[in-house]
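Protein chains in written order, with my numbering: chain A, 1 to 91; chain B, 1001 to 1572.
Be a bit skeptical, because a hint or two may be false.
Calculated pairs, EDC-like style, for lysine to aspartate or glutamate (alpha carbon to alpha carbon, straight line, at most 20 Å) [stated by the list, open to error]:
no.	chain 1	residue 1	chain 2	residue 2
1	B	K1099	B	D1564
2	B	K1343	B	E1313
3	B	K1099	B	E1563
4	B	K1479	B	E1563
5	B	K1377	B	E1333
6	B	K1343	B	E1374
7	B	K1038	B	E1333
8	B	K1038	A	E88
9	B	K1102	B	E1427
10	B	K1099	A	E87
11	B	K1139	B	D1116
12	B	K1139	B	D1152
13	B	K1099	A	E81
14	B	K1099	A	E88
15	A	K82	A	E41
16	B	K1102	B	D1116
17	B	K1099	A	E41
18	B	K1377	B	E1427
19	B	K1038	A	E87
20	A	K82	B	D1564
21	B	K1099	A	E16
22	B	K1479	A	E16
23	B	K1102	B	E1484
24	B	K1479	A	E7
25	B	K1343	B	E1359
26	B	K1102	A	E88
27	B	K1139	B	E1427
Simulated restraints on C-beta separations [said to hold, decoys possible]:
no.	chain 1	residue 1	chain 2	residue 2	range
28	A	G49	B	Q1310	40 to 46 Å
29	A	V48	B	S1241	15 to 21 Å
30	B	L1545	A	W39	27 to 33 Å
31	B	E1563	A	I23	46 to 52 Å
32	A	T26	B	Q1318	32 to 38 Å
No wet-lab data here; the hints were simulated from the structure.
Where a beta carbon is used, it is the ideal one built from N, C-alpha and C, also for glycine.
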Amino acid sequence: MIDTNDETARQVYWRENRRWMLILGTIWFVVSLGCGVLWVETLNQIQVGGFKLGFWFAQQGAIYTFIVLIFVYARVMARLEKRLGFEEPEA
Amino acid sequence: MSLTETTYLVVGASFALYIFIAIRSRAGSTQEFYVAGKGIHPVANGMATAADWMSAASFISMAGLIGLSYNGYGGSVFLMGWTGGYVILAMLIAPYLRKYGKFTVPEFIGDRYYSDTARVVAVICLIICSVTYVIGQMKGIGVAFSRFLETDYETGLFSGMVIVFFYAVLGGMKGITYTQIAQFCVLIFAYTVPAIFISLQLTGQPVPQIGLGSTLADGTYLLEKLDRTLLDLGFQEYTTSVRGSTLNMAAFTASLMIGTAGLPHVIIRFFTVPTVRAARTSAGWALLFIAILYTTAPAVAAMARLNIMQTLEPQPGQHLAVEERPGWFRNWEQTGLLGIEDKNGDGLIQYSADSETNELVTLDNDILVLANPEIAKLPNWVIALVAAGGLAAALSTAAGLLLAISSAISHDLLKRTLMPDISERQELMASRLAMAGAVLGAGYLGLNPPGFAAGTVALAFGLAASSLFPALLLGIFSKRVTREGAVLGMLAGIGVTLAYVFQHKGIMFIPGTSFLGDLPPNWFLGIEPNAFGVVGAIVNFSVTLTVSRLTAPPPESVQQLVEDIRVPVSSG
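Using the sequences and the hints, build the whole thing.
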């Protein structure tokens, strides 16, 4: 376990945190403002069941993805905290 | 039992439950009053956040906004905007503010920007956002009562105030949290049951989210049918009609997203969980619970719209006769939400996009949700449930907003700025008094809605997006941002947004003072006033960063504070 006062552990934590924010934030942008707004016309050419794909992203798909993104983020951060010894005591 | 009796019974039972919870969860300390003792389980907090978040507008109006005013695809801005904000909240705001571990949003801004001025500016921004928002909830309570329980508007509003007063003043955040959990259960049940029935009737598919993409009895896809029917009547296609322009849709969505992440009554919910880790998972649970309603709403929108059109014109060219209109249709005409006018005198109702010939002259957005159970011929208890659900949505949001307002007054203004020497007991008393005052103030504004009440909820998002969100985000992610930068940034952001809204909608929304007129050609880059929060936020960011560069960096202790909130455990 690394000492919590250790500067490098804090730097690793913050760097990893920002990396995950960037990755997940990019997906967040792509599924909502991307698939749901900017590229919606192109995606609407694709029909999946009764949905035009762009329309589906805007009214359903983006929301489902958001939920997954938050739980993934919560999970990777909890693991990172465990690895670096930044775990909080259970209150 | 008549419908009114059933409704009284269901609504009465739900109110009795809220009062029971209030008595069981009285607050004994300021910690309990402001943040429920920081002991709320993340799943429970997720439910409470969902009820806090989903207002009368989400419950009653959103499906209609999507299905009618925004004609389908255009309404996606609400769906993505009001959910996407939670991703920002979970990654960029909530964990750090939870780590900071105090009571209110202005408190963080005051400490991070080492300035009472910043604290007071944040309190003012908070009050502007929350008051505009709470007026809408009070109106929602009054309207729900008067429609379902056949009381007058004032009696309805007063009953709602008494309930909120009871549990918010007694229990503060603790009482509000547990009632919100109960309210979530009531509202989500009330929303999904009619949706499942209507989906089954139209598509044979019990899950509305799947029903939306399924086929109707005649074998055509529901959305395809809707598109074609609307085109025939002269409307735009349901699945592709853009609101304004692509840029406007993007700006609108982004404004609602960052507004969500900057609204204090939502942020303070994450102060109630025990750990930083719990704040992150709790945001996930909150969004999951919210998504149950938000993914059902577009199905309700499309299905109810189709149902109404098929009631009016069962076969192409075969219109409903005025005399033969169903009972629910007549009932809702009395409330003014539906209205017909047989313009060509042929005894038939012709619905069309052309306002010259359209005979369905009034079709209120709220009708899609409110009349849904009756259109689908559901039993009385389902209709009664919708009434209880709408009230639960309005009450839970109102209580959350009132807590945000009263804690800003008693904690930030009184304890942290004006009278730092008061004891905890005195502060608890002050917070109860502030809460009582806030309830009375909100009730007064609900009875005498000011001119600007019309455009309120969307405005609250624009203001939160342009004032508080940038200050919070930069406060966490930059050590270099200074108090001068933050104060001027907040003022510039909220100023630009208000100026834009006022110049198009009228100063304080007074008609006739809108010197540019509310006309699309006058809109900046074609962005409508409700979508302008994101531009205000960009102005805020630019001003804050520029001014911060020109002023002396924050003191060492503040830089240490920023370091400290970035990791979940304190060093030392």
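Hints, one by one, checked against the model:
no.	hint	verdict
1	B:K1099 - B:D1564	holds, 8 Å
2	B:K1343 - B:E1313	holds, 17 Å
3	B:K1099 - B:E1563	holds, 11 Å
4	B:K1479 - B:E1563	holds, 8 Å
5	B:K1377 - B:E1333	holds, 17 Å
6	B:K1343 - B:E1374	violated, 27 Å
7	B:K1038 - B:E1333	violated, 49 Å
8	B:K1038 - A:E88	holds, 14 Å
9	B:K1102 - B:E1427	holds, 15 Å
10	B:K1099 - A:E87	holds, 13 Å
11	B:K1139 - B:D1116	violated, 34 Å
12	B:K1139 - B:D1152	holds, 12 Å
13	B:K1099 - A:E81	holds, 14 Å
14	B:K1099 - A:E88	holds, 11 Å
15	A:K82 - A:E41	violated, 44 Å
16	B:K1102 - B:D1116	holds, 16 Å
17	B:K1099 - A:E41	violated, 43 Å
18	B:K1377 - B:E1427	violated, 53 Å
19	B:K1038 - A:E87	holds, 18 Å
20	A:K82 - B:D1564	holds, 18 Å
21	B:K1099 - A:E16	holds, 18 Å
22	B:K1479 - A:E16	holds, 19 Å
23	B:K1102 - B:E1484	violated, 23 Å
24	B:K1479 - A:E7	holds, 17 Å
25	B:K1343 - B:E1359	holds, 6 Å
26	B:K1102 - A:E88	holds, 17 Å
27	B:K1139 - B:E1427	violated, 31 Å
28	A:G49 - B:Q1310: 40 to 46 Å	violated, 22 Å
29	A:V48 - B:S1241: 15 to 21 Å	holds, 20 Å
30	B:L1545 - A:W39: 27 to 33 Å	holds, 31 Å
31	B:E1563 - A:I23: 46 to 52 Å	violated, 24 Å
32	A:T26 - B:Q1318: 32 to 38 Å	violated, 52 Å
Violated hints for the displayed structure, listed by number in ascending order: 6, 7, 11, 15, 17, 18, 23, 27, 28, 31, 32.
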